[in-house]
Amino acid sequence: MTQIVIDKKKYVLLPEKDYKTLQRKAALKMKTEKTFSLAEARVHSKKLIRKWAGEK
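Number 51 in the working numbering belongs to position 51 of the sequence shown; there are no gaps in the numbering.
Each hint can be trusted.
Taking lysine-lysine pairs in the DSBU-like style, the calculated list, with each CA pair at most 30 Å apart, reads:
#, residue 1, residue 2
1, 31, 17
2, 46, 34
3, 20, 34
4, 9, 25
5, 10, 29
6, 31, 20
7, 9, 20
8, 29, 17
9, 29, 9
10, 51, 34
11, 47, 34
12, 8, 20
Keep in mind the hints are simulated off the structure, nothing from the lab.
Please take these sequences and the hints and turn them into a complete structure.
In structure tokens:
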């Protein structure tokens with residue numbers, strides 16, 4: 001790991017292998033978004049369409 005200072009900002013250089021490892025750890029900690037089933041998606045999209053149509 002190497003630190004570089006450019007315009008009073010600190011940057012860190014990592015080997016690509018370490019960077020990929022950090023990315024993977026961060027991705028595993030993130031919560032995934034809920035995926036709708038086909039029926040749920042249709043109901044949700046109809047609600048949104050009615051909402052947008054009502055605003056016009």
